[in-house]
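Chains as they are written, first to last, in this note's numbering: chain A, 1 to 293; chain B, 1 to 293.
Simulated from the structure, these hints should not be mistaken for laboratory data.
Certain hints may be false.
[Unchecked claim] EDC-like, lysine to aspartate or glutamate: derived pairs with alpha carbons at most 16 Å apart: (1) K214(B) - D290(A); (2) K214(B) - E106(A); (3) K206(A) - D57(B); (4) K142(A) - D291(A).
As the structure is a computational prediction, the values presented were derived from the model and not from experiment.
2 protein chains.
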Amino acid sequence: MFERLCIIGVGLIGGSIAKAARAEGLCKQVVALGREKNLPNMQRAVELGVIDAFYTDPAQAMAGTDCVIICTPVGSMQAIFEQLKPYWNSQTLYSDAGSTKGSVVEAARAVFGKVPSNFVPAHPIAGAERSGVEAAKVDLYKNRRLILTPLSSTDPRAVDQFNAFWRRIGSSVAIMSVEHHDTVLAATSHLPHILAFALVGMLGRKDEQREIFKYAAGGFRDFSRIASSDPTMWQDICLANKQEIIPLIQQFQAELNQVEHLLQNGDASALFETFSYAKQARQRFLEIFDDPT
Amino acid sequence: MFERLCIIGVGLIGGSIAKAARAEGLCKQVVALGREKNLPNMQRAVELGVIDAFYTDPAQAMAGTDCVIICTPVGSMQAIFEQLKPYWNSQTLYSDAGSTKGSVVEAARAVFGKVPSNFVPAHPIAGAERSGVEAAKVDLYKNRRLILTPLSSTDPRAVDQFNAFWRRIGSSVAIMSVEHHDTVLAATSHLPHILAFALVGMLGRKDEQREIFKYAAGGFRDFSRIASSDPTMWQDICLANKQEIIPLIQQFQAELNQVEHLLQNGDASALFETFSYAKQARQRFLEIFDDPT
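With the rest of the complex left out, here is chain A:
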């Protein structure tokens, strides 16, 4: 499909895309572009066979590259677009992997005046608690969902190419608006992460005062897994999508107020209904999750 794929930010996300693209024969060569401070990581990526070469100079990285996927935290997108702008090539296809789409599109507008028609905003939905190229997996995106959020101005052929690219990698592709993406992911991903960070932090401080972690069970282990997520990535996501997240935090607070109210009043049957409904909802989620069509 591509001669040369350039991954910008070859960590868990970018590294896994590189591995998957290679495994599926979607590109002949994979290179990375990064900053000076990323050199050890990019060197490691070569050692691990994730990429063939790496550059800190965008001119060298872009030479002969026909596909670029930006995999850095969403807070860096504007700086990355600035860096690529002098070399932006109408024959090359560009995409990203950011967990928010509105902020990425805004960053592109800020740098280019309008979003380039050969940039297709994308978000591969694959959770992972580990970071860095060492954690990259060839099957991270297999049987997972990918969302593309092309604008009306995006070149349909570019959309088709990335659609095919991700389907070859094994993801099922959904297309939706930037706004809908950010609304949905705020609920299914951003809010849960905030809740996990908040709870684990609160219990962490209690544990420092007096041991409590030793009395937490496997349930807490699973619940808290997403609190191991990369703080930089999540600081960026939360700030980028705060307009969607803040109302959800408020809605969740209302849910908690309701539960507190039921507890105060000893309302057993209402509590049972609440917990029952959640159990059924979770069952419904599992059926959907285990069948990514």
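Put chain B on the given structure of chain A with help from the hints.
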């Protein structure tokens, strides 16, 4: 150790105790006591080899029984104590597996006037999202923690017996006060369950309006696992321990208010600190969890 163990409530928890006790040769016989409506479940327990016999008549269940472990939801404890009272035997040892201890001790006081010296309140900390005897596992408590909360009036020999019983099953045993147990478990278990139930319910209602569950990833799957917990068990736990839980809900809401505030103000570095601290705390939790000494 025992001639005949009687499990009251042979579901996941009681069934797993039965299986583990048998596997470790801790009793010669295992029987169950239950209600009419539990007959199919108890019949299944016999078919699965979890128990040898079952009764709905406490007199028959208690005959020849030298150890009783009550494994029903904590809201039923008072009724169970009432049922056992006419047959309560000073030569028999009694214990439970309830997720709260204060309410269990209160129930015993209400029925007996004071907590019988041969009743040792216990709580095996083992999470599971499935219910019922079909889900019972012989190793559910292996390498897990068990908390005993004897009172000053509890017979030390009874405490020693259950300490040994649970250690043979593979649990590490901690002894603490009833109050400390309920305080700690409110934080490590009860609050997380409430958060999971509240979030999954909230997202479940959104999903009914417009599909969102299909865009949740593996992180949400883990986070929501404890929302599959048994609603009756959790209704009982939350009501029994509401004095500890309500303040924790309020503390958690203060945490969320703080995050909301940071988002409103775009305070990137404070968000980073919050998420970083949680990540480190989770790491500390994992080290403790994976080393139950």
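Which of the stated hints cannot be reconciled with the structure, identified by number in ascending sequence? 2, 3
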